[in-house]
Amino acid sequence: MRMRLGVCYYPEHWPESMWKDDARRMKALGIEQVRIAEFAWSRIEPSPGEYDWGWLDRAIDVLGDAGLQVVMCTPTATPPKWLIDRHPDILPVGADGRPRAFGSRRHYDFSSPSYFEASRKICEAVAERYGKHPAVAYWQTDNEFGCHNTVVSYSPAAVARFRLWLKERYQNIDALNRAWGTVFWSMEYRSFDEIDAPIATVTEAHPSHRLDYRRFASDEVARYNRMQVEIIRAHSPGRPVAHNFMQLFTEFDHYKVARDLDVATWDSYPLGALEEQWYAPEIKAKFLRTGHPDFASFNHDVYRGMSKLPFWVMEQQPGPVNWAHWNPAPLPGMVRLWSWEAFAHGAGCVSYFRWRQAPFAQEQMHAGLNTPDNRLDIGGSEAEQVAHEIARVSAADADANANVRSKVALIYDYEAKWLFEIHPQGADFHYPRFAFEYYSALRSLGFDVDVIPADAPLDGYAMIVVPPLPVVPGDFAVRLAASGAQIVLGPRTGSKTPDLQIPANLPPGALASLLPIRVWRVESMRPNVTEPVQVNGASDGLREGQARHWRDLIDAADERSFGVRARFADGHPAYVQHGSVHYFASLFDDRLTESLFARIATEAGLTPTPLGDSVRISRRGKLTYVFNYTNARHVIEGVDASRFVIGAHEVEPQGVAAYRTESTE
Amino acid sequence: MRMRLGVCYYPEHWPESMWKDDARRMKALGIEQVRIAEFAWSRIEPSPGEYDWGWLDRAIDVLGDAGLQVVMCTPTATPPKWLIDRHPDILPVGADGRPRAFGSRRHYDFSSPSYFEASRKICEAVAERYGKHPAVAYWQTDNEFGCHNTVVSYSPAAVARFRLWLKERYQNIDALNRAWGTVFWSMEYRSFDEIDAPIATVTEAHPSHRLDYRRFASDEVARYNRMQVEIIRAHSPGRPVAHNFMQLFTEFDHYKVARDLDVATWDSYPLGALEEQWYAPEIKAKFLRTGHPDFASFNHDVYRGMSKLPFWVMEQQPGPVNWAHWNPAPLPGMVRLWSWEAFAHGAGCVSYFRWRQAPFAQEQMHAGLNTPDNRLDIGGSEAEQVAHEIARVSAADADANANVRSKVALIYDYEAKWLFEIHPQGADFHYPRFAFEYYSALRSLGFDVDVIPADAPLDGYAMIVVPPLPVVPGDFAVRLAASGAQIVLGPRTGSKTPDLQIPANLPPGALASLLPIRVWRVESMRPNVTEPVQVNGASDGLREGQARHWRDLIDAADERSFGVRARFADGHPAYVQHGSVHYFASLFDDRLTESLFARIATEAGLTPTPLGDSVRISRRGKLTYVFNYTNARHVIEGVDASRFVIGAHEVEPQGVAAYRTESTE
Amino acid sequence: MRMRLGVCYYPEHWPESMWKDDARRMKALGIEQVRIAEFAWSRIEPSPGEYDWGWLDRAIDVLGDAGLQVVMCTPTATPPKWLIDRHPDILPVGADGRPRAFGSRRHYDFSSPSYFEASRKICEAVAERYGKHPAVAYWQTDNEFGCHNTVVSYSPAAVARFRLWLKERYQNIDALNRAWGTVFWSMEYRSFDEIDAPIATVTEAHPSHRLDYRRFASDEVARYNRMQVEIIRAHSPGRPVAHNFMQLFTEFDHYKVARDLDVATWDSYPLGALEEQWYAPEIKAKFLRTGHPDFASFNHDVYRGMSKLPFWVMEQQPGPVNWAHWNPAPLPGMVRLWSWEAFAHGAGCVSYFRWRQAPFAQEQMHAGLNTPDNRLDIGGSEAEQVAHEIARVSAADADANANVRSKVALIYDYEAKWLFEIHPQGADFHYPRFAFEYYSALRSLGFDVDVIPADAPLDGYAMIVVPPLPVVPGDFAVRLAASGAQIVLGPRTGSKTPDLQIPANLPPGALASLLPIRVWRVESMRPNVTEPVQVNGASDGLREGQARHWRDLIDAADERSFGVRARFADGHPAYVQHGSVHYFASLFDDRLTESLFARIATEAGLTPTPLGDSVRISRRGKLTYVFNYTNARHVIEGVDASRFVIGAHEVEPQGVAAYRTESTE
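Chains as they are written, first to last, in the UniProt record's numbering: chain A, 1 to 665; chain B, 1 to 665; chain C, 1 to 665.
Don't read these hints as lab results, they were simulated from the structure.
Check before you lean on any hint, since a few could be wrong.
[What the hints assert, rightly or not] Dumping the calculated PhoX-like pairs for lysine-lysine here, alpha-carbon to alpha-carbon at most 25 angstroms:
#1 B:K256 / B:K81
#2 C:K256 / A:K81
#3 A:K167 / B:K81
#4 C:K256 / C:K417
#5 C:K167 / C:K256
#6 A:K256 / A:K167
As the structure is a prediction and not an experimental result, all values here were calculated from the model.
With the hints as constraints, model all of the structure from the sequences given.
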């Protein structure tokens, strides 16, 4: 599969006189794909039913004539004012019971019948007009589902559809009452029509009710996307359909939406993400202008796993952005580094957002490849460099970004995030953070990782790591056992039934067949409390560490049935092993997690390569890539100079190297 | 009075097939009382007017047949969905003007006429059916009034009743205008009907208006509870009526509600309370798995004071709970320790919440005496141990939990909390915290303390401590003087009239006859500012300390009239004495408060026993109890081995000892 | 111009029997002016259309008979309950879409037609009755426009008037769409009637939309004030009209309102302001009982600049206040110091708030010159001392508070604050703080400073300092150049067009003619990140410092065109100079800012007098004043003893000295 560069372009933002030169310069820079029109509804249909195709026809022609491929979008992320005024029920309703207003974007309710119909109409119109245009090579549905927390709405339309969804799921109200356990606090319902949205309650609403509402809202996104995909496929056969996911917005199940797509893409903003996410202030300062070394990689691995064709980065940060609390500039070299990082993880395309910084409106402080006065910015120069390097890499390995299975898999689950948000038991039990910490520990040991859902095939992996996964698929124990891999289970795994109840046999519930333990008690711990952990006979690693956030207490009565590999200071098992299954009863500090993963990987026949926290290695196809996030030169040892395709032994700060991997395997 | 153990049980949560065995095991464990039905309305009356008594009849019979006494509850804390749908005006309205919703509990407005009527009906039905059942020995009204901040509602119904309440209080609108001082900012009213709830104002609403609204809301709770008590008494004569108060929820005057009850009970969750209350993070870490050594004691002493029969712990934490931000597990021994602490403070019953952890709904992570898979948990074993020890203690002292007056009294007032919340003058002026700090200082000196309202009899006390009490009863000065006790007044005492005005003679207002000072100026201090305090001639204690939060500046012109025992660094008096009255012009650091209390206690003829912050002593009946909250063994000295009834000289961490007190008095 | 003392007095709060003695004591204390009636609407018009003038006639007569001048107020800050009940549309609507309620003050919407009409009526009535009363010497419109954030309302009435305002500004909707850039995100409008208030949007509303809404709301205040001024002038010719501005509330353009007034006055509360504003906790502790040494001065200089007659302090803090989070007491001497500081900056009158502390309502904890029990408080004694000192100073300089232009000007702009709030790019980019830091650096160098708007005449200044000013007037570059002054431009200056777009030539936009740089990139930095700055050849000052919050990156390609005086550690220019124009590309730490200002001032021919952070000097008329905010005695050197008018060489902590300035100029 070829590696390509792309860019996001808004012809409607610029005088038509600039288009031709823009297209020429894109092409000259090495860009092959141009995404357009995702926010252009008010220009496509300025008044109800009056379409203005002229400008868009010409824009596509200009791009096509320059030899560029168009990624055409449906414009449904920004319904125009006249549509909202005609159908105010399009507006989503917040948890405060108030409708959101027109004036930014994503102001629509996935459950609004009016909007479903209006969306169908505009999608039909766009797909019909451009579905077979020779320049149109790909499609994108909508834009960034879920951005700005827009998945869950509490409108009457949403509640009405929720009742249908519940009826579908439970068939009769008694089943729902049993599944949820509504006898508690007299919350029993006599019919589905009595059920409201789980908001505005005096204290927390019923967790099963809340979880089902989240599942329903997620399903609504998939349904809405599917409608668009079907329209596009009908009118534009053969063109792959994509959507651009957001790493920060996980209120819907990305796996489920991706099933209806050909290409899963994501929007990569490493600096904004660092600032807005869970990282400690000192980490935010340390990686201020590079982003966290594992953040983009983690998401590459997530979306690679769910994409039928090679995944893309649909939007790549090209310079400072406007939307984080603070917006530093990437260090010189980072745009190139991020681009190569994507390809090294299997990307089919890296598309920069955006061609030129707009001087107006909400995102006027968001950099582009060009400044508003139309001079090429640093990011633009680095993109050009990447285009040249792609040629060299492609020459060295015609299939350099092929998707081949890694030896290590990490299970990642959206529902787990919702469940722990609804039912945390400890205020800082943040699922994505813990999944990321496990991922980061694996990466710091030099492993390539597949991030996959719990229902993915598990065969072929040597090591499978499961961050806290409360609800496990029915056949998960069997598939884990059949995989032959070393398996690491995080705490709280198997701790809930699908209805959000405690399993009858206590956790790990359905996994008890795999791991004969009984978690009879748990505790969450405040941030200023940790528990010492002693590792048994750890001559090959750390002898002690700290447990944080959480403790599963494992019934000591069963200690004959499993091996205790580490204990808390009060004697309770902290890490137990049963055959190839390893259970962590807490979230350990980074160094202890890394040390234990290294031991388990060795048991799995893998060889760790300790890298510290700022150098990263990725292997793909015939090449090994090295990324230097440190402030110091990194020296690669034991590689013959002739093997380098990009860079050399000495990798500068923010530098990249790629060399031919020795064919040891 | 016998000491008994109880448990909270929800037959409706479990298959009927389990009930008999549950009852048998309760009895075997030493449990005598079982509280039921407080959340069972939807099972008692599944549809409007259609009662299903069968299951409840059978449950009560099973318990009675096993020799257990039933504490029967009215189910009004959880009105069912059908009732809410019929009468949406039942829902309380928040300060945001929006009604709360069905879906958790306590979703009712104390002022709703519909709910008053519906409550009367269901109470009548339950009381009529079970009022004379031989197994029913006690009653509980509703459940945890005020939990989740549900006392104050801003509904039209509440405002309508508030106007009546105001008319009753002030008779005519001119009197109200004068009492509040509405001439300020042209807030004058021409009739009671012009008065709204004190919310949504541009800046703070009138403080007298706010205080009266809080008083009104508190009175509404008392009125509602009284209605239930009267119904129960009519149908179930001779059975004591209780309510279970919450230590955390003080939006209504617990004294006033308790006046209508036979038994004041409270729900004791020492770990959750530690996490959710004002304690500093390092204190939360230090007492993570024990709770603060004075927290449960303080509340025992509060509710003992307001209960006609010996107070109970209606719900005792048996393991980790689910509702605090973090939920650690009690250390082994703590359930026993907490139980004995209650009895040592005079409890008639300690009732554990709950028999078995429920695997579903909001509280599925709340431990019980048994795990969800029905095995006895640590708390259950410790309850059993307590049952055995009760027998030993009862043998040593037939009346071991008798309510005898202590030598030291602490005045505790609910209205003071509301007033300082409404009118703090310093953002961290938190009344319960300051009252607790005074209590804790007394306990660290080994004193037993009665916590009483300001209108309680004061005779017989050697020392009376008054935390900041802005509004004092009219006869308070006279009664304090008549008590003969050493009296300690905290800052801001006597600083307001009942209408929330500054007294005409300035603070301490009505107490000036007792203490001839004039507080002509005050200041509140931000958390990073303290003021040094120098103690005069303190050869027997600390010579200096720090003042925090607040300073009353006392007019120096009157210094001949009182003795200055300590001064701030700028010369203003920090602690003055006039005869047996001691006035603290600030909130001192813990050590200084303790040192001054020790000196004053000595003046009162009492002998302090300095204990530090983690060992506590209680004397009751013929016994002295020792509670060890430290992590080290505590050695009791000077007690003959033969005197021990529980434990021995060496008290393990989390251990309890009880020995016969020498008959020195 | 004479210096006078005044006081705020509320006859309606006290028995009529006290009035005469109050007036006598005021006069005896040296007070000449008494402000009354600004909150008395409910007493003037107790019921619709029924006026009660009697009490007010008598109050004014009592004051006039005592030889006092009355400052008469319109009572519109507190519409009475009956008016609100008749016209609920008077209530302003919050960003949450809910109307605010009656019960405090300022509960009105500047755009409400009902209130505009009701205001006109009460103003007519009051102005007609007292316009020519011999005791009435001045007028005040309303009270503290904007207090409690009451400028911006989101009512239907406000939106309707906003549409008219937009139509007036843009004439046609296409112009608006272009100016705002609504093509972004399909936010285009087809008519002005489609435009709503910029609230409740899914993510941030359009910044140009938001800025225009703020401008509109500000203009509404000016329009409302103008209506009152016109009524007063019609009925009370020759009496100057004032309004009392609030330093903390800058949601409207104070310059625009002041244009319609004769006297700009402000309400000075140095301790409350310190507590509530941006200062770091350690600064809040350091100046706890004095206020920040530059806070009152800054505001004196702001309001002096916009007042036709000498500005006043209409309300001067006399002791502790009630409204800050914590409320310490001023140190003895501070009320005198603050009073002299006002006169030293050109005040015509210092009026204390209030005569006597009220014992009731919201402000009962706000000190007055007298305590509630009517004894003279410290502030009262200090006012008396000031009155005596005024006589001495007036004897030494008959025109001691004359308004003469300073050598140094600082540009201060209200719109800049709104713009950076709406469009910060870095979460802590707080305009007033940065303007204040520049001012404070100038004051620590001993300079007197004029604070002026960007459209003020600039001639005669030797040095002009421009804190970050995003939108500059069209002729600003020309006027700056013509001034002949050394000019310091802060970062982000010239960074936006009036429509809130990036200038076509990039920042500094319209100032590029003055300063040939191109700011091609910016970055904001989180609080735990700073950037080292190296100063070139700084033998006369600091060689290095730290940049904070922000960096403008200046195009290195143009480095021939300007001099680089300091660089960031990564080589980018941090401070560049072009002729007499100095550009700071970041916000430097206090010491570096001060050092650079000292060098630039020297280039301007001025002589800095380094004072540190706690002693301040002001020169006015023939006198030099010294204010000692430290805790140590300050010694003035080189001044002959005979020159002192107030104090002497040794200035005590919280002390003031004034001496005749040598006639060197």
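Taking the hints in turn, this is what the structure says about them:
1. B:K256 / B:K81: With Cα atoms ~31 angstroms apart, K256 (chain B) and K81 (chain B) exceed 25 angstroms; violated.
2. C:K256 / A:K81: 34 angstroms, violated
3. A:K167 / B:K81: Holds. K167 (chain A) to K81 (chain B) sits at ~18 angstroms (cutoff 25 angstroms).
4. C:K256 / C:K417: The given pair, whose Cα atoms are some 15 angstroms apart, holds under the 25 angstroms limit.
5. C:K167 / C:K256: At roughly 21 angstroms apart (the allowed maximum being 25 angstroms), K256 (chain C) and K167 (chain C) satisfy the hint.
6. A:K256 / A:K167: At roughly 21 angstroms apart (the allowed maximum being 25 angstroms), K167 (chain A) and K256 (chain A) satisfy the hint.
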